[in-house]
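Asker: The listed protein sequences derive, respectively, from chains A and B.
Those letters in the first sequence? Residues 1 to 86, per this note's numbering, in order.
Those letters in the second sequence? Residues 1 to 399, per this note's numbering, in order.
The set of hints was computed from the structure by calculation and includes no laboratory data.
Nothing here was measured: the structure is a model prediction, and the numbers come from that model.
Cβ atoms here follow ideal geometry from the backbone N, Cα and C, with glycine treated the same way.
Possibly wrong hints are sitting among the right ones.
[Unchecked claim] In silico negatives: residues of chain B with every beta carbon more than 10 Å from chain A:
no.: 1; residue: Leu5
no.: 2; residue: Asp214
no.: 3; residue: Asp226
no.: 4; residue: Leu231
no.: 5; residue: Arg327
[As the list claims (entries may be wrong)] Partial list, derived from the structure: chain A residues whose beta carbon lies under 10 Å from chain B:
no.: 6; residue: Ala18
no.: 7; residue: Pro19
no.: 8; residue: Ala30
no.: 9; residue: Met58
no.: 10; residue: Asp64
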Amino acid sequence: MTDDPIHHLLVKHLGQIAPDIPFDEVDPQADLRDEFDIDSMDFMTLITALGKALSLPMPEADYDQMRSFDDLADYLRSQTARGSVD
Amino acid sequence: MTQFLMPSLGADMEDGTLVEQLVGPGDPVHRGDIIAAVETQKGAIEIEVFEEGVLDQWLVPLGTKVPVGTPIAEIRSAGEPEKPDMPQPADPAPAPPPQEAPQPADPDMPPPMPEDPGPTPAPPAAPPPELASGARQRVSPAARRRAARSGFDLTRLGADRIISLADIPDDVVAPSAEPLSAMRQAIAAAMTRSKREIPHYYLSDSVDLTRAEDFIATYNADKAPDARLALSVLYVRALAKAAQKHPDFNGHFEDGRFNPGQAVHVGMAINLRGGGLVAPALHDATDGEIAQLMDRLRDLVQRVREGRFRARELSDPTVTLSSLGDRGVSGITGVIFPPQVAIVGIGSPSLQPAVVGDSVQPRRLAQITLAADHRVSDGHNGAKFLRAIIKNLQHPEQL
């Protein structure tokens, strides 16, 4: 799984926002914002960076699908896989 | 020629250490330029210049700690090079710092050393607790902040180049065993003074944020992530507009009297990773479109996260907002930041039953609390101020 570019991208951006959180202690299925202790402004920063990196709109209506690390990774995979469909 | 003084970045600040000189002698400077960074208890802070001209010379070498009010540079104005007491360009706000009287150099302080430390960096041989003032070590504010928080000894890195964030090992960013960090000391000093000097009174009410949240959702629906609004920007604007109409809650209490603010600069209480908080100003929060205010808020939070904020931003707030975001608890009762006279706390909204007209409906409610200075205002006016904020939040489209 660690060869996955989406995983790398997430680790990179979360590492910039929450450099003090050791990645291997995070529960990837628990609430992302709780696990990384990020507030709504940090979350906005994360979504902005991911949207730019992957050319995705990241609509607010989809935030429910981005609750945990795994959810967010799955969401990004499904959106980038759809690619040219949208 | 005007002198550029070590600014006061808060009532509890007595001195600061010049850690970066970002322009050199002979360089032009423009109003608003960041020309230096100063290390204080609150971390490394970038310092703006308030005039146009040319930097004539630095009066204080890098690494030197000097009292607030000490001249640290001389600036030659473009037109009138020799005029001793040049009037500064008018500022829309009351003259920013330093407001505290320039103090003569404390005999206990190391005097500003006029000798030129020379171009060759002094080797960090047998480093004293503080880097020798001639060593010219240059450290970015973010690196300095990380080092200060983690107790990393910057003198270990020498002085031959600019130290950046990447030079400070991550693994030292850990809760330190120190009894009180500089940040905690700064907060302790300000809050202790507040509780000792300011007779607080408190008022609170419930605020219905359903419309405000709906407005944000509709506004954001077709916007790119970096053009979206956060609920907190509506809080800022609602507070600022109310403060404009209720001047008893906007300003500074100093030397036994209240000086109402000429503009509303909202101090944003921002939590720092690794502990502590700062409350720098979002200037002129009544002005501009809401999207522009959001851009400025985003920029401010971003810079605070990176440990970069400006001198004026710490000393200018005329009233403070402390919002718990959407993951906190239902309410917060703040402690006023001296010399301000009011702080408004807004808890996290949650879905609750509310009576609307004749029916009970699920609404998004939060508790809003005003803590205000009884020397300046009373509960009657405080209630009017609080109701004005609540009312503003019912009409988000007008903010």
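Asker: Each hint should be assessed against the structure and marked as holding or not.
Answerer: Hint-by-hint comparison with the structure:
{"no.": "1", "hint": "Leu5", "verdict": "holds, 34 Å"}
{"no.": "2", "hint": "Asp214", "verdict": "holds, 12 Å"}
{"no.": "3", "hint": "Asp226", "verdict": "violated, 5 Å"}
{"no.": "4", "hint": "Leu231", "verdict": "violated, 8 Å"}
{"no.": "5", "hint": "Arg327", "verdict": "violated, 7 Å"}
{"no.": "6", "hint": "Ala18", "verdict": "holds, 7 Å"}
{"no.": "7", "hint": "Pro19", "verdict": "holds, 7 Å"}
{"no.": "8", "hint": "Ala30", "verdict": "violated, 13 Å"}
{"no.": "9", "hint": "Met58", "verdict": "holds, 5 Å"}
{"no.": "10", "hint": "Asp64", "verdict": "violated, 12 Å"}
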